[in-house]
Amino acid sequence: MTRVEMNRRQLVKGLLATGAVALAGTGCGGESAGATAVGKLSVGQVSQSIAFFPLFVATKKGYFKDEGVAFDDPPVLGNGSKVAAALKSGSIQVGGGVMTDVFKLSEIEDDIRLVADLVDKYYIDIITGKKFKGAAVSASLDERTKSLKGRKIGITGPGSGTEALVIYLFAKAGLDAKKDAELVNLGSEPTAALGALKNGQVDALSFAQPLAQQAEAAGTGTLYISPCRGDIPGLVDVSHGVFFTTQSVQKKKAKEIAAFQRALVRAKKDIRGNDTAEVKKLLAEYRSGMPDATLEALLPLLKSEIPATNAFKRSSFDAAVTFHKSAGLITKTPDYDRLVPSNLRET
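Heads up: the sequence shown begins at 1 in UniProt numbering, then just goes up one per residue.
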């Protein structure tokens with residue numbers, strides 16, 4: 001072999017080694033052995049409800065890193081309208097919210113696509129303050145809803161899933177939530193919402209889990225109406241907490257989104273698994289300051305509400321459609337086959 005050929009071989013080996021090092025440095029803070037770097041996504045979420053606990057778990061356990069997808073800490077945007085606006089402006093590529101956001105946005109934009117089903121229950125509750133006087137928790141749903149008439153009810157904001165639940169309940173009882181109650185926009189910060197309830201700024205809250213569990217543990221509120229408890233027929237098995245994107249991002253970032261989905265499934269498996277001590281520890285870190293009693297109350301809920309896969313059951317999707325149409329939140333019937341990519345359909 002000539003000296004020129006030897007030099008060429010050394011040069012090629014050097015370039016290959018440099019490339020391998022560069023590849024190993026990409027992804028979400030570096031790659032684990034055997035992982036393939038994919039790329040980066042920009043992600044935002046509406047709140048720090050239990051719906052986004054799988055995202056936290058997958059991040060803490062390095063699953064996104066393993067799968068080769070990276071993203072910065074997701075901003076908490078406060079309400080679904082802000083998540084939708086951020087997605088459409090391009091400031092985020094994947095939004096975390098509820099089906100209310102998806103359905104309302106898809107009425108005006110035909111390129112919205114679902115990415116993952118996070119909670120297959122309607123996980124928003126009505127919580128009343130300690131001074132609330134009305135029908136007992138054991139009373140009928142109609143009686144409890146009518147007890148909310150004329151009250152100040154805290155929600156995260158207009159167009160949110162928290163507002164949707166109040167509108168739906170009032171409509172079922174022959175009332176108009178926007179005329180027969182005062183809806184107070186509080187944003188998504190749990191501490192502020194609990195403070196408003198405790199101080200009498202509002203009489204009740206419509207808020208995502210785990211706020212009800214926190215309120216009861218602190219002695220500041222009562223879980224008054226809970227879809228997950230079975231209080232509202234038709235809202236037990238229903239697609240609710242979701243990640244969604246646009247068709248253009250879905251095509252442009254197909255590998256990144258696939259890696260994102262794989263990491264979420266791994267986290268869901270852990271949450272639904274038998275190592276409750278680890279899940280409890282992660283949950284305590286996710287929502288720091290929650291008392292032990294609240295954590296214990298949440299653990300069985302997480303196992304029952306968070307699905308094992310990212311797929312959308314047709315029955316749960318249809319239940320969500322019925323809910324939103326009956327509440328007058330949407331006029332068009334969302335197209336399952338358009339909103340749900342073929343790999344996420346479960347009939």
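Calculated from the structure, these hints are not laboratory results.
Be aware that a few hints might be false.
[Claimed, not checked] In silico lysine-lysine, DSSO-like type, Cα no more than 27 Å apart, as pairs:
#, residue 1, residue 2
1, Lys-251, Lys-332
2, Lys-104, Lys-65
3, Lys-313, Lys-146
4, Lys-104, Lys-130
5, Lys-60, Lys-198
6, Lys-104, Lys-88
7, Lys-179, Lys-303
8, Lys-172, Lys-65
9, Lys-104, Lys-252
10, Lys-172, Lys-60
11, Lys-88, Lys-325
12, Lys-133, Lys-60
13, Lys-252, Lys-313
14, Lys-40, Lys-61
15, Lys-131, Lys-152
16, Lys-269, Lys-104
17, Lys-269, Lys-325
18, Lys-133, Lys-146
19, Lys-179, Lys-133
20, Lys-269, Lys-281
21, Lys-40, Lys-179
22, Lys-269, Lys-149
23, Lys-104, Lys-281
24, Lys-65, Lys-325
25, Lys-65, Lys-179
26, Lys-255, Lys-40
[To be verified] Label-pair distances were calculated between CB atoms; the ranges are:
#, residue 1, residue 2, range
27, Ala-135, Asp-337, 31 to 37 Å
28, Tyr-336, Lys-252, 22 to 28 Å
29, Ala-218, Lys-133, 19 to 25 Å
30, Ser-342, Leu-299, 21 to 27 Å
31, Ala-218, Thr-276, 34 to 40 Å
32, Lys-252, Gly-289, 27 to 33 Å
Quick caveat: nothing in here was measured; it's all calculated off a predicted structure.
Just so it is clear, CB atoms sit at the ideal spot from N, CA and C, and this is done for glycine as well.
Cross-check of the supplied hints:
Restraint check: the Cα-Cα separation between Lys-251 and Lys-332 comes to about 26 Å, which is no more than 27 Å; the hinted pair holds. A threshold of 27 Å between alpha carbons decides the hint, and for Lys-104 with Lys-65 the separation of about 33 Å lies outside it, so the pair is violated. Distance check on the hinted pair: Lys-313 and Lys-146 sit about 33 Å apart at the alpha-carbon level, beyond 27 Å; violated. Distance restraint check for Lys-104 and Lys-130: the Cα-Cα separation of roughly 35 Å exceeds the 27 Å cut-off, and the hinted pair is therefore not satisfied.
For the suggested pair Lys-60 and Lys-198, the alpha carbons sit about 33 Å apart, so the restraint of at most 27 Å is broken. For the given pair, Lys-104 sits about 13 Å from Lys-88 by alpha-carbon distance, which is consistent with the 27 Å threshold. Distance hint between Lys-179 and Lys-303 is unfulfilled; the C-alpha atoms sit about 38 Å from each other, more than 27 Å. Restraint check for Lys-172 and Lys-65: not satisfied, since their Cα atoms lie roughly 46 Å apart, outside the 27 Å limit.
As the CA atoms of Lys-104 and Lys-252 are separated by approximately 24 Å, the hinted pair is consistent with the 27 Å bound. Proposed proximity of Lys-172 and Lys-60 is contradicted: the alpha carbons are some 42 Å apart, above 27 Å. This hinted pair checks out: Lys-88 and Lys-325 have alpha carbons roughly 24 Å apart, not beyond 27 Å. A distance of roughly 43 Å separates the Cα atoms of Lys-133 and Lys-60; the hinted pair therefore is violated under the 27 Å criterion.
Annotation: proposed proximity of Lys-252 to Lys-313 holds, straight-line Cα distance about 26 Å (limit 27 Å). Of the supplied pair hints, the one linking Lys-40 and Lys-61 holds, its CA atoms being roughly 18 Å apart against a limit of 27 Å. For the hint linking Lys-131 to Lys-152, the alpha-carbon distance of about 13 Å falls within 27 Å, and the restraint holds. Note on Lys-269 and Lys-104: the hinted pairing is violated, with a Cα-Cα distance of about 31 Å set against a maximum of 27 Å.
For the hint pairing Lys-269 with Lys-325, the CA-to-CA distance comes to about 33 Å; that exceeds 27 Å, so the pair is violated. Of the pairs offered as hints, the one joining Lys-133 and Lys-146 holds, with about 12 Å between alpha carbons and a cut-off of 27 Å not exceeded. Using a Cα cut-off of 27 Å, the hinted pair Lys-179 and Lys-133 holds, with the two alpha carbons roughly 20 Å apart. With a CA separation close to 16 Å, the supplied pair Lys-269 and Lys-281 stays within the 27 Å bound.
With a CA separation close to 46 Å, the supplied pair Lys-40 and Lys-179 exceeds the 27 Å bound. The hinted pair formed by Lys-269 and Lys-149 fails the criterion: a straight-line CA distance of about 42 Å is larger than 27 Å. Between Lys-104 and Lys-281 the alpha-carbon distance is near 36 Å, which puts this suggested pair outside the 27 Å criterion. Distance hint between Lys-65 and Lys-325 is unfulfilled; the C-alpha atoms sit about 40 Å from each other, more than 27 Å.
This hinted pair does not check out: Lys-65 and Lys-179 have alpha carbons roughly 49 Å apart, beyond 27 Å. This hinted pair checks out: Lys-255 and Lys-40 have alpha carbons roughly 10 Å apart, not beyond 27 Å. Between Ala-135 and Asp-337 the beta carbon distance is about 42 Å. The supplied range of 31 to 37 Å is therefore violated. Against the hinted window of 22 to 28 Å, the Cβ-Cβ separation of Tyr-336 and Lys-252 comes to about 24 Å, which satisfies the hint.
Roughly 20 Å separates the CB atoms of Ala-218 and Lys-133, a value that falls within the hinted 19 to 25 Å. For the hinted restraint 21 to 27 Å between Ser-342 and Leu-299, the CB-CB distance of approximately 34 Å leaves it violated. Roughly 23 Å separates the CB atoms of Ala-218 and Thr-276, a value that falls outside the hinted 34 to 40 Å. For Lys-252 paired with Gly-289, a C-beta distance near 39 Å fails the hint of 27 to 33 Å.
Of the numbered hints stated above, those contradicted by the structure are hints 2, 3, 4, 5, 7, 8, 10, 12, 16, 17, 21, 22, 23, 24, 25, 27, 30, 31 and 32, listed in ascending order.
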